[in-house]
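Residue numbers (this note's numbering), protein chains in the order written: chain A, 107 to 385; chain B, 8 to 240.
Among the clues, some could well be false.
[Said to hold, decoys possible] Straight-line distance between alpha carbons at most 20 Å, and here's what the computed SDA-like set of lysine to any residue pairs gives:
1. K204/B with I174/B
2. K60/B with L259/A
3. K54/B with A339/A
[What the hints assert, rightly or not] Where chain A lies over chain B, by a calculated footprint (3+ residues, C-beta under 8 Å):
4. 56–68
5. 88–101
No lab work stands behind these hints, which were simulated from the structure alone. All C-beta atoms, glycine included, are put in the ideal place defined by N, C-alpha and C.
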Amino acid sequence: MMTAFWSELSSFLALDFVKRALIVGALVSLCAALLGVSLVLKRYAMIGDGLSHVGFAVLAVAAGLGVTEWQLYISIPVMILAAFLLLRLNENSGVKGDAAIGVIATLALAIGYIVTYRAGTNVDLANFMFGNIFTIRHADAVGSIIVAVAVLLLFVLFYHKLFAVTFDETFARASGVPVGWYNTLLAVLTAVTIVLGMRMMGTLLISALIVFPALSAMRLCRSFRGVVITAAAFSLFCFFTGAVTAHLLNFPAGSTVVAVNGILFVICSVISLFRRRGK
Amino acid sequence: MALIGCHDLNLSYEGKTVVEHLTMEVNAGDYLCIVGENGSGKSTLMKALLGLKKPTAGHIWFGQGLTRAGIGYMPQQSTLGQDFPATVQEVVRSGLRGSPFRPFFTKAEKARLQHSLEVLEIEHLARRPFHALSGGQQQRVLLARAMCATDRVLLLDEPVAGLDPTITAQIYPLIDKLHQSGITILMISHVIPAAMKYATHILHLNREPVFFGTAAEYAKCPVGRRFLEGGNG
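Let the hints inform the model, and build the full structure from the sequences given.
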């Protein structure tokens, strides 16, 4: 039984497209988790959600125009533009900005669906929304590695500034930190991470990779550094566990990764509840 | 030449003029307390001094080689840091002006961090989560953060707002200790007796500067006497 499991697993892992999917998936999970800590703490999580809906529209329009192979190159500039827009909206005071993001997200979804509807049956809507881990091509793999390196470098080099900007924007601004620049950088990297992850995870599920690891880590850790490291580790763990489980049980991979993230979040919440009781 | 000054400064908040024709100078070693009713433009003035707000007329200047980046700032007690995972050390450290592109701090910066923690007597809290501290302890942490940013000028916005009297009584001597060590203090305060006890200079704002001079003169002049008798204005 166990040997059958391991031989099944190793033959699965030996496949080229599986390796590629796992590399890209791991890198996207790592980036999403790191960016997610700042986004969640800055109350920017909605930007990730809005962006993923815009991503759906971009994929749909690209498919409708019959330029599927160009999706990656069309998505990146459009999503970066959308990130700028959503960031401005989010900064422009509370409720209105929040509602505006909702409006843009649903509008993008509607336009995307109109295009796919008219384009007919050769567009796989389920793949856009819930992802297909094995549609990852060589170009995605290269792009993911570049972006992942950029995100990791950003985190290590600007770690202290990012903390300052995330913890207290006014103080950071008063200290001469170019806060707007850091916010823009955060939004742009998030946009690119979402572009790389959305075909794997699905446009409706990708924002889970941003939010869940940060929330789970925040249940357990009391320092910022602890949260960053734990979120990254959780995200990687959930991705691999989810991907392997999905293969063994024949589940859709993206959804399974999100489900594993959800289970981990519940476990962390219970632990934190008991800890608080124990005090 | 003075350390910080403004000349015929006009400031507006949401389109309304809240400060008009303000001219003043703060010298190194001064302890200036800015008083006035709510909405008299105190906080807007502080924002302008920090460069977070552009004057609608007039200008702010810095002397003796001081730059805006050489000012340490402590914001009003707010909802800052609620639910935010951060230790005291991480918060205080964020006041350091390390250059970007450098993930590690220098020896001098680490010494500075240690000094700030010592001066504000919060070394023992360094590893505690910030959000779990009491209001008074949080104020000390934010003061320490401001101290990491400067050894010349501190801008304090209502450092004791929302704190109970016992803790208020502890925070003022701490600020005085910083002043005694040679740091110039600019502070907005509602607590007039404490302001009068420690401040060397008073700026009374009510859109226009009603009074600007030493604390001793303020206690004697009619406007000051009226304000002081009125309790907390």
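Hints, one by one, checked against the model:
1. In summary, the hint linking K204/B to I174/B is supported, as the alpha carbons are separated by about 17 Å, within the 20 Å threshold.
2. A distance of roughly 33 Å separates the Cα atoms of K60/B and L259/A; the hinted pair therefore is violated under the 20 Å criterion.
3. Between K54/B and A339/A the alpha-carbon distance is near 40 Å, which puts this suggested pair outside the 20 Å criterion.
4. Look at the stretch 56–68 of chain B against chain A: 3 of its residues bring a Cβ nearer than 8 Å to a Cβ of that chain, three or more, so the hint holds.
5. As drawn, the stretch 88–101 of chain B meets chain A at 10 residues by the rule of a beta-carbon pair under 8 Å; at three or more, the given contact holds.
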